[in-house]
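For the record, in the sequence shown the residue sitting at position 102 is 358 according to the working numbering, with numbers rising by one throughout.
In case anyone wonders, no lab produced these hints; they're calculated from the structure. Treat the hints with care, since some could be wrong.
Claimed, not checked - The calculated lysine to any residue pairs, modelled on SDA-like cross-linking and capped at a C-alpha distance of 25 angstroms, are:
#1 Lys461 to Asn386
#2 Lys293 to Met274
#3 Lys352 to Asn367
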Amino acid sequence: MLNIKEKFKLKSMPIINMPDYLKSELTPFNSLTLQNKQEALLVFTQSNDEFFKTLEDIIKQDLIEDKGILLICYPKKGSPLYRSTVHRDEIFPRVKMDEEGFVYGSPYRFNRMLGFDENFTLLEIKKVLNFKPKSKISQIGSDYVHHIPELEALLEDEPLALKFYKSLTPGYRKDWAVYVFSTNSTNTRRKRIEEMIYLLKLGHKNITLYRQSLKKKPSHEKP
Numbered sequence: 257m258l259n260i261k262e263k264f265k266l267k268s269m270p271i272i273n274m275p276d277y278l279k280s281e282l283t284p285f286n287s288l289t290l291q292n293k294q295e296a297l298l299v300f301t302q303s304n305d306e307f308f309k310t311l312e313d314i315i316k317q318d319l320i321e322d323k324g325i326l327l328i329c330y331p332k333k334g335s336p337l338y339r340s341t342v343h344r345d346e347i348f349p350r351v352k353m354d355e356e357g358f359v360y361g362s363p364y365r366f367n368r369m370l371g372f373d374e375n376f377t378l379l380e381i382k383k384v385l386n387f388k389p390k391s392k393i394s395q396i397g398s399d400y401v402h403h404i405p406e407l408e409a410l411l412e413d414e415p416l417a418l419k420f421y422k423s424l425t426p427g428y429r430k431d432w433a434v435y436v437f438s439t440n441s442t443n444t445r446r447k448r449i450e451e452m453i454y455l456l457k458l459g460h461k462n463i464t465l466y467r468q469s470l471k472k473k474p475s476h477e478k479p
């Protein structure tokens, strides 16, 4: 199980909807009552619908201090305890994440995904000070650097693709982030993720080099 105290350098925080099987381990850490705003908040959700509704409600209620963090756990695919799970591929489109990682047009910004235990994945979201929303999809590579951890999370179940992706230079890793996240279409993004996984397994460094390689091949050799 993820060691919350060591990972986030926090002594305590309010914990909402704590599962019974985690109470012995987390109750000592749950030493604060819920305030109007808090530095950090840990929330467990137990179904797909509950995860998305809870996340949106917390952001609307604005329960986190500036520069604080929201840690929200959702039941992951393959959980032996929960039937209704959340697939990581559906999260970013459904929370209306923009190119900078902000969700629901709010000051709350996706930071990273972490495995919590066999039942839960933890999503860390930070509240940013002096937030200025952006609405346009950017094609500037530097705007997509923060998506690299997201791609690595998407590749967790594809060890060969993940290993090759991590071996790439930062520029190539960023190229894949631009390719996957430079669309607002859920279906297009899903197709690009599938294509990325396939091409990474074949050793292609980015989509541009792959397309260039197709032009060099006779037509009967193209996949």
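Next on the checklist: Please list, smallest to largest, the hint numbers that this structure does not respect.
Outcome noted: 1
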